[in-house]
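*Asks:* Below, each chain spelled out in residue letters.
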Amino acid sequence: MIKYIIKRFIYAIPILIGVNLLTFTLFFVVNSPEEVARLHLGNKRVTQEQIVQWNEERGYNNPLFYNNSEKGFNVFKETIFYEKSLKLFLFDFGISDSGRDIKYDIKQRMLPSLAIALPSLLVGLFINITFALFFVFFRSTRVDYIGVIFCVALMSISSLFYIIGGQYLISKLLHLVPISGYAQGYEAIKFLVLPVIISVVYGIGSGTRWYRSLFLEEIEKDYVKTAKSKGLSESSVLFNHVFKNALIPILTGVVVILPLLFLGSLIVESFFGIPGLGSYTIDAIQSQDFAIVRAMVFLGTILYISGLILTDISYTLVDPRVRLK
Amino acid sequence: MFTFLLTDIFFYIIFFSLIIYINYVRKTPDIRETWSYVFKNKTGIISAVVLSFFMLTALLDSIHIKDKIYNEDRNEYVYSQEINSILDIILLPISKNTEKSYSSPFSSHLYSKETVKSYNDKEKRIYPKLLHKGNHNKYLDDNIKNIFFTSLLSILKSFILVFFIYILIFREDVFKNKFIFSPLKRNSVLFSSLLIMLSIILILYDLGTQYYVLGTDKVGEDVLYKSIKSIRTGILIGTLTTIVMLPFAVFLGIFAGYIGGYVDDIIQYIYTTLNSIPSVLLIASAILMLQVYMSNNPLEFENIYERADLRLFFLCMILGLTSWTGLCRLLRGESMKLREVEYVQASQTFGLKKMSIIVRHIIPNIMHIVIITVVLDFSALVLAEAVLSYVNIGVDPTTYSWGNMINAARLEMSREPIVWWSLFSAFLFMFALVLFANLFSDVVREAFDPKASKNYE
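Taken in order, these protein sequences are the chains called E and P. Using our numbering, the letters of the first sequence map in sequence onto residues 1 to 325. Using our numbering, the letters of the second sequence map in sequence onto residues 326 to 782.
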């Protein structure tokens with residue numbers, strides 16, 4: 001088991017290197033640092049000195065891979081590739097283009113992101129599974145049919161509509177909670193209620209359908225037929241047999257996204273002005289702060305890969321039939 | 326004079342390949358059987374009719390024309406910079422006039438008060454009348470009557486149109502047999518959905534020439550026109566992205582699964598790496614770099630239409646490059662399974678070359694996965710466009726798109742009283758397209774997926 005986990009971690013290294021090279025190519029080779037500086041300073045009437053100064057302040061003035069003017073090991077060390085790309089492996093995210101410490105910002109913003117993402121996930125899971133079980137219980141009837149159509153309709157509405165509509169209805173018309181903002185401690189709850197509700201409602205359509213198909217797949221299996229022919233009631237088969245067995249794919253599906261919860265939800269956070277990592281990313285994209293975007297790409301990849309490893313581990317924990325080699 | 330934008334050409338290619346595919350389906354009995362399941366299903370027919378109207382609009386909007394203008398200085402005809410599509414020409418009665426600012430749907434006056442000087446030089450705050458549409462000389466009762474009778478007339482028109490289409494298709498049945506309506510019983514769903522769609526379109530068109538059916542936006546442009554123009558962007562992003570990613574996904578997936586060995590390792594490594602980056606971040610980085618490139622090389626993109634078009638094209642490319650990984654993994658697994666199937670093994674022992682096995686045995690047997698994925702992805706991509714445009718990494722701000730409309734509506738929502746119609750129309754059109762695409766994909770999946778059909782018994 002431990003051997004397997006170590007092996008998985010080693011497998012993750014080439015992937016991280018690949019991602020690193022890809023972001024490096026995107027951000028430094030496609031457009032040279034000089035061109036990026038020109039964009040930031042405004043295209044017209046920019047003097048060469050301004051560009052050099054801008055790059056110097058942010059450490060983009062070194063050559064990409066190989067520094068001729070240095071000696072010894074420093075020919076590799078004093079380069080953009082080392083400073084901006086390889087240092088990410090040490091979780092050294094450096095400073096953003098606007099001069100802030102990225103690592104400090106990320107630490108500050110992880111918790112608000114989690115404060116929205118985790119309740120949304122848990123409440124959503126509970127509601128979606130309840131609905132799905134309800135529809136499966138009435139499968140092949142009119143209730144199920146209308147339910148599925150309803151789910152498709154809910155899925156077809158843009159996420160922006162839920163956010164804008166919810167904000168307008170609950171905050172502006174009914175004045176139940178503030179429109180946007182954030183506070184520390186327990187004060188935060190009143191700011192978090194609406195985003196969580198909206199995330200949950202947005203997920204109902206696709207979530208319910210997904211769990212419904214999981215349960216239906218399980219219900220086709222032979223052990224269900226055996227249980228029914230033994231004379232067990234429909235509801236006891238559904239809740240005691242089908243539900244328990246369907247828990248395996250449900251749990252592993254949840255585990256894979258657990259680490260990504262830290263990244264938060266991009267749009268919800270920026271609409272509600274919550275200082276999480278999602279709105280951090282959006283702000284960085286809109287102000288074209290590439291240092292932050294690079295850091296977030298790397299962080300996102302690490303979280304995704306750790307999600308995959310966690311999934312494999314959780315498989316062995318919930319399903320004794322699976323053995324890791 | 327016709328001009329071809331880059332996305333136009335790709336859109337023609339999509340249409341062309343669609344026609345080839347339809348021809349192929351008609352010749353192959355088993356695939357025809359599967360597709361006929363889709364078109365026997367009620368939901369399937371209705372959504373196919375609605376989607377084909379959307380597709381037709383997008384196609385009409387993809388045939389572009391440059392006008393010739395007489396230049397007095399140089400004493401010759403020159404092509405104008407302005408590019409119009411066939412759809413623009415059809416919609417000219419709706420779009421040709423613009424107002425000063427916001428006006429609500431079916432309104433006869435502007436939405437906000439303005440200071441106007443009256444005859445005796447006194448300043449007054451009034452709601453100015455609309456300049457071009459809105460029927461403002463008549464009373465409210467007359468307006469409602471007018472709207473009612475116009476729509477009635479449009480419905481009548483669509484009845485006549487559908488009747489002609491009906492006669493055209495079933496002319497043999499109608500003229501040889503005495504029972505004119507016997508084919509109608511078989512195709513009642515098709516013709517009623519056709520009738521409803523045509524009525525809606527004609528009502529919108531006829532009313533659109535007299536009123537601002539969905540109001541006007543900040544610069545006084547008709548919102549109905551904007552929403553219709555946005556259809557092309559939505560459809561293009563949904564289809565072009567797939568076309569871009571399909572070759573990658575299909576060939577790499579098959580090579581990885583069928584050939585195996587180190588080819589498999591390399592391809593697996595590539596898609597795992599791409600897949601590990603959260604897709605929004607990958608798209609954002611790629612688009613940001615494109616923005617830098619475009620702003621640093623402004624000379625290459627002089628014409629604003631071409632510039633916007635190129636950005637749309639690149640957006641599709643980038644979306645495609647980030648979304649092929651899922652399909653590739655599915656196809657790899659399926660080809661690995663097919664490699665062990667008896668008839669493939671038999672062809673190997675007969676000495677068939679690998680390429681011909683792939684073309685003759687593997688590709689036809691994975692097509693159902695490709696079709697299901699293409700149809701499933703479509704609606705997700707249309708929805709994604711709105712979100713990306715909201716984050717400013719979507720289509721060019723000058724392109725008509727629902728995402729841009731929603732983006733602009735954020736400020737409108739905070740006005741007092743609020744301007745809701747821009748947002749409403751964008752969501753309405755997007756909802757219609759995505760809903761029917763979702764319903765259609767459900768039916769297609771039911772027909773093609775051997776596992777799914779069981780669930781729907």
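Hint data in this document are derived by calculation from the structure and do not stem from the laboratory. From a predicted model like this one, the values you see are computed outputs, not experimental measurements. The reader is advised that the hints may include incorrect statements.
What the hints assert, rightly or not - Quick list of in silico lysine-lysine cross-link-like pairs, BS3-like style, CA-CA up to 27 Å: (1) P:393 / E:221; (2) P:678 / P:352; (3) E:221 / E:190; (4) E:172 / P:438; (5) P:454 / P:438; (6) P:510 / P:482; (7) P:367 / P:510; (8) E:172 / P:543; (9) P:543 / P:554.
*Asks:* For every hint, state whether the structure bears it out.
*Replies:* Hints, one by one, checked against the model:
This hinted pair does not check out: residue 393 of chain P and residue 221 of chain E have alpha carbons roughly 69 Å apart, beyond 27 Å. With a CA separation close to 26 Å, the supplied pair residue 678 of chain P and residue 352 of chain P stays within the 27 Å bound. Of the pairs offered as hints, the one joining residue 221 of chain E and residue 190 of chain E is violated, with about 46 Å between alpha carbons and a cut-off of 27 Å exceeded. About 24 Å separates the Cα atoms of residue 172 of chain E and residue 438 of chain P, which keeps this hinted pair within 27 Å; it holds.
Between the alpha carbons of residue 454 of chain P and residue 438 of chain P the distance comes to roughly 10 Å, so the proposed pair stays at or under 27 Å and holds. The straight-line distance between the Cα atoms of residue 510 of chain P and residue 482 of chain P is roughly 22 Å, inside the 27 Å bound, and the hint therefore holds. Distance hint between residue 367 of chain P and residue 510 of chain P is fulfilled; the C-alpha atoms sit about 14 Å from each other, no more than 27 Å. Among the hinted pairs, residue 172 of chain E with residue 543 of chain P is consistent with the structure: their alpha-carbon atoms are about 22 Å apart, no more than 27 Å.
With a CA separation close to 17 Å, the supplied pair residue 543 of chain P and residue 554 of chain P stays within the 27 Å bound.
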